[in-house]
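Asker: What follows is each chain in one-letter form.
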Amino acid sequence: MSSGRLRTRIALGVLLVVLLIAPLYLQEFWLRTGFAVAAAAVGAIGLNLLVGTTGQLSLAHAFFLAVGAVTYAYVSGKPGGIATQVDGLGWPPLIGMVLGVLVAGLAGVLFSPVAARLRGIYLGVASLGLVFIGQHLLNTWTAVTGGFNGRTTPKFSLFGFQFSDSHPPLYVLNVEYGESERLWYLGLALTVGAYVIARNLLRSRPGRALQTLRDSEVAAAVMGVNVQGYKARVFLVSSMYAGLAGVLYALSIGSIAPESFALDLSILYLAMIVLGGLGSVTGAVLGAAFVSALPLVFQQYADSLPLVSEPGQGGMTAGQAARLLYGAAIIAVVLFEPAGLVGLGRRFRRTGRQPAARPSDPSPSNAPAQGSST
Amino acid sequence: MTQFLSLLLNGLSLGAIYALIALGFAIIFKASEVVNFCHGSMLLFGAYVIARASDTMSFWLAVILGIAATAGLGLLIERVLINRLRGAPVISLAIATIGVDVLLATELTRRIGSDIPNVPHPWGADNFRLGDIGISTNRAVAMLVAAVLIAVFFATFKYSSWGVAMRAAAEDGETAALMGIRLGRVSATAWVVGGALAAVAGLFLVGAPTPGVSPNLNAIALRAFPAAILGGLDSTGGALVGGLIIGVAESMASGYQDQLLFLGRGFGDVVPYVVMLAVLLVRPSGLFGTRELTRV
Numbered sequence: 001m002s003s004g005r006l007r008t009r010i011a012l013g014v015l016l017v018v019l020l021i022a023p024l025y026l027q028e029f030w031l032r033t034g035f036a037v038a039a040a041a042v043g044a045i046g047l048n049l050l051v052g053t054t055g056q057l058s059l060a061h062a063f064f065l066a067v068g069a070v071t072y073a074y075v076s077g078k079p080g081g082i083a084t085q086v087d088g089l090g091w092p093p094l095i096g097m098v099l100g101v102l103v104a105g106l107a108g109v110l111f112s113p114v115a116a117r118l119r120g121i122y123l124g125v126a127s128l129g130l131v132f133i134g135q136h137l138l139n140t141w142t143a144v145t146g147g148f149n150g151r152t153t154p155k156f157s158l159f160g161f162q163f164s165d166s167h168p169p170l171y172v173l174n175v176e177y178g179e180s181e182r183l184w185y186l187g188l189a190l191t192v193g194a195y196v197i198a199r200n201l202l203r204s205r206p207g208r209a210l211q212t213l214r215d216s217e218v219a220a221a222v223m224g225v226n227v228q229g230y231k232a233r234v235f236l237v238s239s240m241y242a243g244l245a246g247v248l249y250a251l252s253i254g255s256i257a258p259e260s261f262a263l264d265l266s267i268l269y270l271a272m273i274v275l276g277g278l279g280s281v282t283g284a285v286l287g288a289a290f291v292s293a294l295p296l297v298f299q300q301y302a303d304s305l306p307l308v309s310e311p312g313q314g315g316m317t318a319g320q321a322a323r324l325l326y327g328a329a330i331i332a333v334v335l336f337e338p339a340g341l342v343g344l345g346r347r348f349r350r351t352g353r354q355p356a357a358r359p360s361d362p363s364p365s366n367a368p369a370q371g372s373s374t
Numbered sequence: 001m002t003q004f005l006s007l008l009l010n011g012l013s014l015g016a017i018y019a020l021i022a023l024g025f026a027i028i029f030k031a032s033e034v035v036n037f038c039h040g041s042m043l044l045f046g047a048y049v050i051a052r053a054s055d056t057m058s059f060w061l062a063v064i065l066g067i068a069a070t071a072g073l074g075l076l077i078e079r080v081l082i083n084r085l086r087g088a089p090v091i092s093l094a095i096a097t098i099g100v101d102v103l104l105a106t107e108l109t110r111r112i113g114s115d116i117p118n119v120p121h122p123w124g125a126d127n128f129r130l131g132d133i134g135i136s137t138n139r140a141v142a143m144l145v146a147a148v149l150i151a152v153f154f155a156t157f158k159y160s161s162w163g164v165a166m167r168a169a170a171e172d173g174e175t176a177a178l179m180g181i182r183l184g185r186v187s188a189t190a191w192v193v194g195g196a197l198a199a200v201a202g203l204f205l206v207g208a209p210t211p212g213v214s215p216n217l218n219a220i221a222l223r224a225f226p227a228a229i230l231g232g233l234d235s236t237g238g239a240l241v242g243g244l245i246i247g248v249a250e251s252m253a254s255g256y257q258d259q260l261l262f263l264g265r266g267f268g269d270v271v272p273y274v275v276m277l278a279v280l281l282v283r284p285s286g287l288f289g290t291r292e293l294t295r296v
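As given, the protein sequences belong to chains C and U, one line each in that order.
What the first sequence shows, in the numbering used here, is residues 1 to 374, in sequence order.
What the second sequence shows, in the numbering used here, is residues 1 to 296, in sequence order.
Take these hints with a grain of salt, some might be off.
Among the chain U residues that face chain C by a calculated CB cut under 8 Å, a handful are [as the list claims (entries may be wrong)]:
hint	residue
1	Ala96
2	Ile181
3	Leu183
4	Phe225
5	Gly266
6	Leu287
7	Thr290
Pairwise CB distance ranges, derived in the manner of DEER restraints [claimed, not checked]:
hint	chain 1	residue 1	chain 2	residue 2	range
8	C	Gly90	U	Leu144	56 to 66 Å
9	U	Gly237	C	Gly90	24 to 34 Å
10	C	Pro206	U	Met179	39 to 49 Å
11	U	Phe4	C	Leu158	49 to 59 Å
12	U	Leu281	C	Val218	47 to 57 Å
13	U	Ser114	C	Leu335	50 to 60 Å
14	U	Leu281	C	Tyr25	47 to 57 Å
15	U	Met179	C	Leu335	21 to 31 Å
16	C	Ser216	U	Leu144	17 to 27 Å
17	U	Ser114	C	Gly90	38 to 48 Å
18	U	Arg167	C	Leu335	26 to 36 Å
19	U	Leu281	C	Met223	58 to 68 Å
20	U	Asn83	C	Arg347	22 to 32 Å
21	U	Arg167	C	Ser204	19 to 29 Å
Think of the hints as simulated: they come from the structure by calculation, not from any bench.
In this text, a Cβ means the ideal position worked out from N, Cα and C, and glycines have one as well.
Whenever a hint applies, use it, and build me the whole structure from the sequences.
Answerer: Pasting the structure below:
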């Protein structure tokens with residue numbers, strides 16, 4: 001193991017420890033933000049496998065998130081409701097989460113006959129269609145989705161241990177572990193799992209096949225890669241990631257409503273992976289942290305920021321300010337640093353060391369997004 | 001029968017507007033290989049400029065200003081962004097336009113706020129009757145204007161030197177460049193034309209029967225994407241046919257909503273996407289798109 005990789009591992013270990021003890025010190029706002037980031041990170045890793053690694057532009061991510069979230073709410077939710085009557089199976093939340101992932105994967109498989117045949121940009125627009133069809137279903141399939149007003153997300157629990165403020169009450173080093181502390185760990189565990197799986201996938205044979213697909217479908221086919229098969233499978237994996245992200249997202253915002261899963265969400269996810277760095281798992285996580293935390297932080301510190309004001313006061317709302325910022329960031333990244341935040345970091349490290357004779361990072365996940373025009 | 005004919009006519013008029021949008025979308029793709037995801041925002045921009053300008057000046061001046069502004073916006077995007085990214089993968093280009101879309105849509109939505117500015121069309125919001133069939137005057141004018149514009153466009157595309165240059169550039173950019181065709185200029189012109197067409201479409205989309213300039217316009221304009229795709233992205237004729245198909249399908253689905261109730265209320269809004277997916281399942285390059293052949 002080279003010293004560079006060793007250093008990276010030590011840094012990752014330290015980061016993990018910091019994240020593990022963070023709930024002892026952080027305020028609830030930051031813990032909530034952390035959980036939102038975790039949800040986004042899982043989804044962004046999945047989308048990056050599809051868009052960054054395999055080169056299949058998809059705007060349908062919001063749809064698959066919705067599938068996961070709705071499945072979870074339906075399977076684990078209880079029948080009832082205040083304004084609109086909803087059904088629910090009331091099964092344990094863990095089963096709801098697993099089913100959410102599986103059903104989202106199934107939706108991906110059902111879409112793959114279209115997806116695997118379409119090339120690049122056709123897929124991008126076709127996948128746009130899924131989002132609108134999803135919106136229609138969310139609005140009209142009231143018994144399952146709660147319709148226009150949505151339904152509340154059932155709280156998560158694991159074998160009787162509830163991720164809520166009590167049941168059982170929990171104190172660690174005299175700090176009360178409430179809902180946000182518990183969800184923090186849930187998000188952390190799932191993000192780490194999603195990260196490791198994606199890293200391993202990329203370093204395996206299928207991972208290399210996917211990257212060959214991105215660079216040239218013809219070359220991939222000549223080398224014996226089953227093009228349609230791999231496209232269909234990467235769609236499956238990516239939508240399963242999206243399903244899990246959808247469940248976490250629903251837990252994070254507390255309810256599911258059609259407007260939470262509109263086209264905006266797909267674009268948000270695209271922004272995450274572009275900003276973080278296309279094709280890089282670490283980049284996806286960084287991008288997710290940046291894009292999903294930005295509006296929340298703006299909201300929290302609206303008073304001390306120039307230009308930003310409360311809604312209805314004529315100025316910019318926190319959400320709008322964040323959107324303008326990441327919209328500009330997308331353009332800047334495409335123009336100046338196609339490898340995103342990861343590329344920026346790499347550039348920084350490279351200037352620190354002696355100029356490397358060869359591309360020094362052996363990980364297969366850092367492919368340039370540009371320059372591979374075929 | 002009357003209902004059917006009336007829905008058909010309304011669908012065709014809506015389709016004509018979609019065709020204008022889809023046409024702009026298609027030529028931009030042809031000339032610069034960019035799938036322009038900010039087309040809807042450009043349209044919203046055009047409509048917004050027309051609405052705001054008509055507060056202070058006459059309607060026709062406002063329209064000219066709006067069209068010029070949107071064409072200028074197209075030119076700006078092309079010069080600042082697309083021109084610098086020539087040779088980048090199609091996906092990077094598409095993502096860059098998504099960035100522009102985020103900026104434009106956010107800023108326009110913020111400016112529009114909760115009030116919906118109206119455009120004072122001189123032909124008003126009346127209906128126009130052809131026997132038993134009714135259609136709003138706005139849509140009738142839209143159909144006429146779209147027909148003229150599309151005819152002019154196709155003639156230009158076929159006979160003018162710009163049209164020849166553009167077709168050559170789309171066929172094989174490198175060879176065209178070697179023949180002395182200035183690709184940058186072709187692409188810039190396409191963006192100008194695309195922007196102008198979008199502004200014209202926007203002018204009619206904000207008239208009866210749809211309300212004024214609302215941020216929702218972006219989503220309506222987005223329905224021209226399936227039109228362009230199902231016709232075949234690189235086919236201008238396909239954009240026209242696709243637009244008409246989408247318009248008629250949407251109008252029918254909304255008109256026969258009661259018979260289609262099992263599909264849920266508001267199904268008309270998603271019909272364009274359902275039609276598109278169905279077509280793509282059979283023909284992955286759209287109805288008139290060139291199939292990509294790969295040789296090794």
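Asker: Please list, smallest to largest, the hint numbers that this structure does not respect.
Answerer: Per hint list: 2, 3, 6, 7, 9, 12, 13, 16, 19 and 21 violated.
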